[in-house]
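K.L.:
This is what each chain is made of:
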Amino acid sequence: MNIQLRYFASLREAVGRDSETLEWEPDASPSAADVIERLRARGGRWAEAFAADNPLMCAINQEMCDPGQRLKEGDELALFPPVTGG
Amino acid sequence: MNIQLRYFASLREAVGRDSETLEWEPDASPSAADVIERLRARGGRWAEAFAADNPLMCAINQEMCDPGQRLKEGDELALFPPVTGG
Amino acid sequence: MESILVTTEPFDPHAESAALHARNPAVGAVVDFIGWMRDFNEGDPVTAMTLEHYPGMTEKALQRIVAEAESRWDLLGVRIVHRVGELKPSEPIVLVAVASAHRGDAFRACEFLIDYLKTRAPFWKKETTRDGERWVQARHSDRAAEARWKEEISKDTSQD
Amino acid sequence: MESILVTTEPFDPHAESAALHARNPAVGAVVDFIGWMRDFNEGDPVTAMTLEHYPGMTEKALQRIVAEAESRWDLLGVRIVHRVGELKPSEPIVLVAVASAHRGDAFRACEFLIDYLKTRAPFWKKETTRDGERWVQARHSDRAAEARWKEEISKDTSQD
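Protein chains in written order, with the working numbering: chain A, 1 to 86; chain B, 1001 to 1086; chain C, 2001 to 2160; chain D, 3001 to 3160.
It is worth saying that the hints were derived from the structure and are not from the lab. One thing to keep in mind: the hints can contain errors.
Restricting the straight-line Cα-Cα distance to at most 25 Å, the calculated cross-link-like pairs of lysine-lysine (BS3-like) are [claimed, not checked]:
1. Lys2126/C x Lys2060/C
2. Lys72/A x Lys3060/D
3. Lys2060/C x Lys1072/B
4. Lys2126/C x Lys2088/C
5. Lys3088/D x Lys3150/D
6. Lys2060/C x Lys2150/C
Below, a sample of chain B positions facing chain C; criterion: calculated Cβ distance under 8 Å [as the list claims (entries may be wrong)]:
7. Ala1009
8. Gln1062
9. Gly1074
10. Ala1078
11. Pro1082
12. Gly1086
Where a beta carbon is used, it is the ideal one built from N, C-alpha and C, also for glycine.
Throw the hints in and build the complete structure from the sequences for me.
P.N.:
Rendered as structure tokens:
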């Protein structure tokens, strides 16, 4: 299955891209936290960007989500630092 | 002693004037409530305007006051209904 | 610019608020309260309004309220404009604009100022309906709003 | 007029608030929050700012916040305008304007909207100082401000 990933703000700069398509084993339903874990395992700038003490927010299909929320084929998962608008 | 009286809004209309000078016994220091009592004793429209169940505010020399606050020669006592600005 | 204006002329609350900010680039937050004359009150259409006040005391009362707000919160500017005399529906009656570095202080101070103005400043509204003129009655909710701040003051004091 | 606008162009918060009132003579109270870009932050002069956002999600998040406010208070109108892209000091970043018949609802809703926007809407600020660019860090006080409303919601529920 495919997951559409999007990165914003300091996280986008840290990983050096704003989006990518991530392949995952078919019939799995990984959580957002599972995806983050796999990105962290890439090492280097990825390990740094997703270090456990780096506060992070996530959204699935443009709705804020808990890290435990599960993804299905074609979902868009956005990862970003805490928001600072207003 | 002389007390300068001022009336505002519905109270001004009820008593038919916006100000007057009230003479009081020399060396007395009447409270605002004493003055109101004497005005009420005039009877007629005065008794009605100062009826006990008519909510009233007062100010001495342009500062809100309690009815128990005492007056001295030349003080300005303003009497008016609860304020409704803003 | 004096922070308080009582005026018989129509005024532009938005221009007043803009001026408050324009003088200070350290301002991060402005909260405005604008009270507009409604065309309807207590179930009746209202076609005109006259605002009476107590010249001299009005300005003193407002200055005292502003000083109290400035002592309680970190403010960078306050502007209060209150209309008196004859008004038509959809005209502004009052503006309370508060500028601060951050928003919490601006919200608190703005609401405090209008709550106190409504119960402590000598203004009286008379409105014209099809049945003639009538004086607007003081609202219990305004007294309750003012009382709330007194509770907060005593809370603040007991925590010192 | 749509109640929400996200724009790369400078906007006039006062004209936006005036428009909100002008459409409805039943409006008695308008509360505006205007967030202005400051020329100073965290001890450093700031010369420019870039606001990044998440197109699509931004509008959804703001619509959800407005719907929540409209369900909790009696409102006659809401207007939110948020700037994105490049800004200069003293330009407005955000306007939250709320119109109501009476002021209590307008104050509550306006502060709720900006508190939620600050923690739930996908905007990120990057500022330019003499040492270069830096991302603005989220403030703990903003989280605390949002949490306050959750307590109020659970209080409301338990009193039903």
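K.L.:
The structure should be examined with respect to each hint, and the outcome stated for every one.
P.N.:
For each hint, the structure was consulted:
no.	hint	result
1	Lys2126/C x Lys2060/C	23 Å, holds
2	Lys72/A x Lys3060/D	21 Å, holds
3	Lys2060/C x Lys1072/B	21 Å, holds
4	Lys2126/C x Lys2088/C	12 Å, holds
5	Lys3088/D x Lys3150/D	34 Å, violated
6	Lys2060/C x Lys2150/C	20 Å, holds
7	Ala1009	4 Å, holds
8	Gln1062	4 Å, holds
9	Gly1074	16 Å, violated
10	Ala1078	6 Å, holds
11	Pro1082	4 Å, holds
12	Gly1086	4 Å, holds
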